[in-house]
Amino acid sequence: MLTRVSAHYQAGQDSYRLAWFERDRMITGYDRAVDPKSLARVRVDVAEHLPGAQVLVSRQAAPSHGVMPTRYDGLHELTPPSTLTEYVNTDDGIRWYATMVEYGADDQINTLSSAPVRLRPGSVSTELWNRGLFGPSLPAEDQPREVASRTGDTIAVDLPMFGDGRGSIGDSWPATEHVSLYRDGQLVGESDWLMESFTVPAGGGTYRLVADAERGESAVLSTRSSATWTFRSESTSSPTRLPLSVVRFTPDLDARNSAPAGRRFMVPFTVQRLAGSAAGPAREVVVEVSYDDGATWSRAKTAGSKVVLDHPGRSGFVSLRARSTDVNGNTVEQSVIRAYRITAP
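Here the sequence shown is numbered in the numbering used here, starting from 1 and rising by one per residue.
Hints in this document: simulated from the structure, not taken from any laboratory. There could be a bad hint or two in this list.
Per label pair, the in silico range of CB-to-CB distance [claimed, not checked]:
hint : residue 1 : residue 2 : range
1    : P260      : R232      : 24 to 34 Å
2    : W173      : G304      : 28 to 38 Å
3    : Q186      : V5        : 51 to 61 Å
Glycine is no exception: its CB is placed at the ideal position from the N, C-alpha and C atoms.
Hey, can you work out the whole structure from these sequences and the hints?
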């Protein structure tokens with residue numbers, strides 16, 4: 001049994017969140033003196049995406065170990081671009097995670113959820129929210145979302161196709177979605193939802209999982225996000241995560257998700273493996289770029305873990321496509337149309 005005591009207070013753009021957990025007992029009264037020096041300060045910097053949208057930000061506490069609870073309280077409404085400063089306690093290895101909901105005038109809703117982190121007393125940090133590149137994403141080990149797994153002869157998926165540039169997982173509604181699963185080149189099943197279960201033949205096989213999501217009309221960035229994974233899978237006696245990876249891009253965008261046109265621009269990237277799966281380290285990553293919404297593509301230069309781009313001198317959008325193969329032969333090919341905006345002076 002786990003009992004939680006929490007308190008929340010907001011004054012202007014400052015927010016205070018306190019929480020404590022007690023194991024194996026009910027609390028009938030609680031008195032705690034908080035030393036301001038023991039708090040961590042987090043500056044929440046929210047960028048603009050949907051025209052005229054509002055953003056709700058919430059931060060929740062999780063115990064020092066285990067899967068984080070799903071609880072949402074103390075919502076703060078912001079008009080992006082905007083900032084909020086949050087103060088949280090750091091007792092007993094407590095961890096904090098955050099959720100952001102962006103909602104536009106035409107009912108377009110985008111959500112982002114971060115992994116729980118442990119903060120140090122007196123620490124000062126900044127979190128960049130609602131910044132691209134929004135694309136295929138995978139949860140951290142202790143985020144309560146099973147993205148792709150097999151139990152017996154059932155493969156279940158729940159694919160977050162619009163995670164942000166800081167590592168959060170993300171979803172978007174409404175969106176035109178489609179997912180299909182192939183085994184040894186033969187279609188096993190398909191669905192117009194990114195959350196689906198498929199009954200597959202017993203035994204092993206080579207699988208191809210294809211996911212595509214196109215946002216509603218009001219979406220400005222990452223209007224379409226797609227990914228195709230290939231991997232081997234065998235029958236299992238217990239839930240086994242599938243060996244998926246994604247390429248996460250973290251461009252240095254301004255508060256309106258824009259980068260300068262007419263100059264060289266470096267886009268850092270990492271290959272994220274599904275935690276708890278047999279996905280291996282990346283053996284190869286190839287990145288392509290398009291400046292005409294994916295009509296034509298050209299191979300981009302890479303320098304270490306950065307993509308080297310030469311933005312054209314006109315305003316417009318950058319689309320990115322990536323292919324990665326891990327040391328075990330698992331592959332991913334993904335693309336994001338209108339990944340970020342470029343603006344001429």
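For each hint, the structure was consulted:
1. For P260 and R232, the Cβ-Cβ distance of about 44 Å falls outside the hinted range of 24 to 34 Å, so the restraint is violated.
2. A beta carbon spacing of about 37 Å between W173 and G304 agrees with the range 28 to 38 Å that was offered as a hint.
3. For Q186 and V5, the Cβ-Cβ distance of about 55 Å falls inside the hinted range of 51 to 61 Å, so the restraint holds.
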